[in-house]
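Protein chains in written order, with the numbering used here: chain V, 1 to 273; chain L, 274 to 530.
Hint data in this document are derived by calculation from the structure and do not stem from the laboratory. No residue lacks a Cβ here, since even glycine has one placed at the ideal position from N, Cα and C. Hints may be right or wrong, so weigh each one.
[What the hints assert, rightly or not] To list a few chain V residues with every Cβ distance to chain L over 10 Å, as calculated:
# : residue
1 : Trp6
2 : Ser50
3 : Leu80
4 : Lys262
5 : Lys263
[Stated by the list, open to error] Below, in silico cross-link-like pairs of lysine to aspartate or glutamate (EDC-like), each with a Cα-Cα straight-line distance of 16 Å or less:
# : chain 1 : residue 1 : chain 2 : residue 2
6 : V       : Lys227    : L       : Glu340
7 : V       : Lys223    : L       : Glu353
8 : L       : Lys500    : V       : Glu134
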Amino acid sequence: MARALWTGSLSFGLVNVPVALLSAVRDVDLHFRQLHEKDKVPVETQRWCSQEGKEVPYEAITRSYELDGGKTVIVTDEDLEAVEPRKTRTIDIEQFVDVADVDPIYFDHPYWLVPAGDDEGARRAYRLLLGVMEQTDHAALGRFVMRAKEYLAIVRARDGALSLTTMRFHDEVRATKDVPNPAGKSTKPTKKELDSAVSLIEALGAEWKPDSYEDEYRKRMQKIVNKKRKRQTIEVPDDADSQPSPVPDLMAALQQSLRDAKKGAKSKAKASA
Amino acid sequence: MALRSIWNGTIAFAGVFVPVKVHSATENRTVHFHEVHQDDGARIEHKRICPKEDKEVPFKEIVKGYEVSEGKYVILEDDELKAAAGAASRLIELDEFVCAADVDPVMFDKTYYLGSQDTGKDAYRLLHDALEKTGRAGLGRWVFHNREYLVGVRAIGGVLGMHTMRFHDELVPAEDLEIPTPSRKPSERELDMAAKLLESLQAKFDPKAFEDTYRERLLKYIEAKAKGKTAELPKFTDADDPDDLMAALEASLAGKD
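Throw the hints in and build the complete structure from the sequences for me.
Put into structure tokens, the structure is as follows:
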């Protein structure tokens, strides 16, 4: 099992559930190193002082914050410690909300929570919280501190375990009012148009099965690396950079698509008969 | 204020084309710092050094290599890396529509808003209204910055929104976790009490109820330091933690009344 990124306890009311936090995503991408072309040696990064023009050891580096107007303030480790929200290792549940009310746009990084330690009490408390959240389809909102930063997190039951996802704060999600979009009467679709579009969407409806989508980019990259390794040539596709123009007659396009969809369904039925 | 767009293209569904601009829907507001030299406060520069020659390497002499075995690299040219993205296309074709509520939020990675363009406004509105009415998300592939993404397009707050999606094999399945079963399950009574406690803490989700207090504290502290003062920050207190599950549940509920 993966390494714990954080351990502490999840607390609601006076109940404490000792937990460990694990990442729920894994990096499966192909990673490349920067090499010096001449000798094929991986380049190293050195930190240099822009004023003195020489290398600076890691211990001699601190951070600065740029205020509006360009003035800078040095912020040391001690400064950060002074601001650190609280030293407790707890995820304090503040409230329970209906999962369906939380738009996915607020979800940031996913993690798993597992019971920490061999303690029977920890396991029972974990089962209790999981059980009650499974029954009610509610999620818990709370805050916790990890790597000297405070996070808002949503904890819920998923596939028989407690899942924690860090959340974006409301001021990190942009308002939709600034997005150019055609509201108003002039663009309102007619009932017939909307009905046709809805039937088309339903005709193209599918059950969500995450396993049926593969990362084609990653697969192609792996193929390219394999080919290159065997010194085979790699075909570089042409850019098909044209953009189709919008259809002048929406209704005609929808009706044509509906006819095609029906034909498609019939030929599929024939093929399987 | 107009949002900056990061991509221009067309969404296609069922023979209808919707010209769109892509805008970021989120912005990270974590406080960022610059690295500086402690002695003189000067900015730190990162230099690429060839360890063999012990010399700085100009950017144009750098190539990308994939390590196939220790110290052995396969070098890939820029256009070969580009080939993995597939043909550069300005089209996102939605060919399947799934119930948006069936997609677990962990599948969604980044969110974008799709803005309408000067042409095709009727088509934009039609797609938006139909997605809103059906509660479905259209799935397609998007090539952006030499990489192909799986995307889900749905109606969000009156506009079209687009999520890049994680692939199933990027997620750690629950089966991989070790969740030991307690020898004694929580009792009915404990479950009832916990359900009551949950109910007493129930609220309607309101994102504005949660401010990033850490960011506020940090910025307040930095501003005070800039003026040569020390910021006064509120103190926190720790709660007791009783061991007995039932006693804790009872005490929590009693505290609510």
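Taking the hints in turn, this is what the structure says about them:
1. Trp6: holds, 15 Å
2. Ser50: Violated, since 5 Å does not exceed 10 Å.
3. Leu80: violated, 8 Å
4. Lys262: holds, 12 Å
5. Lys263: holds, 13 Å
6. Lys227(V) to Glu340(L): holds, 14 Å
7. Lys223(V) to Glu353(L): holds, 11 Å
8. Lys500(L) to Glu134(V): This hinted pair is violated, its Cα atoms lying about 51 Å apart.
The structure does not agree with the numbered hints 2, 3 and 8 stated previously, though it agrees with the rest.
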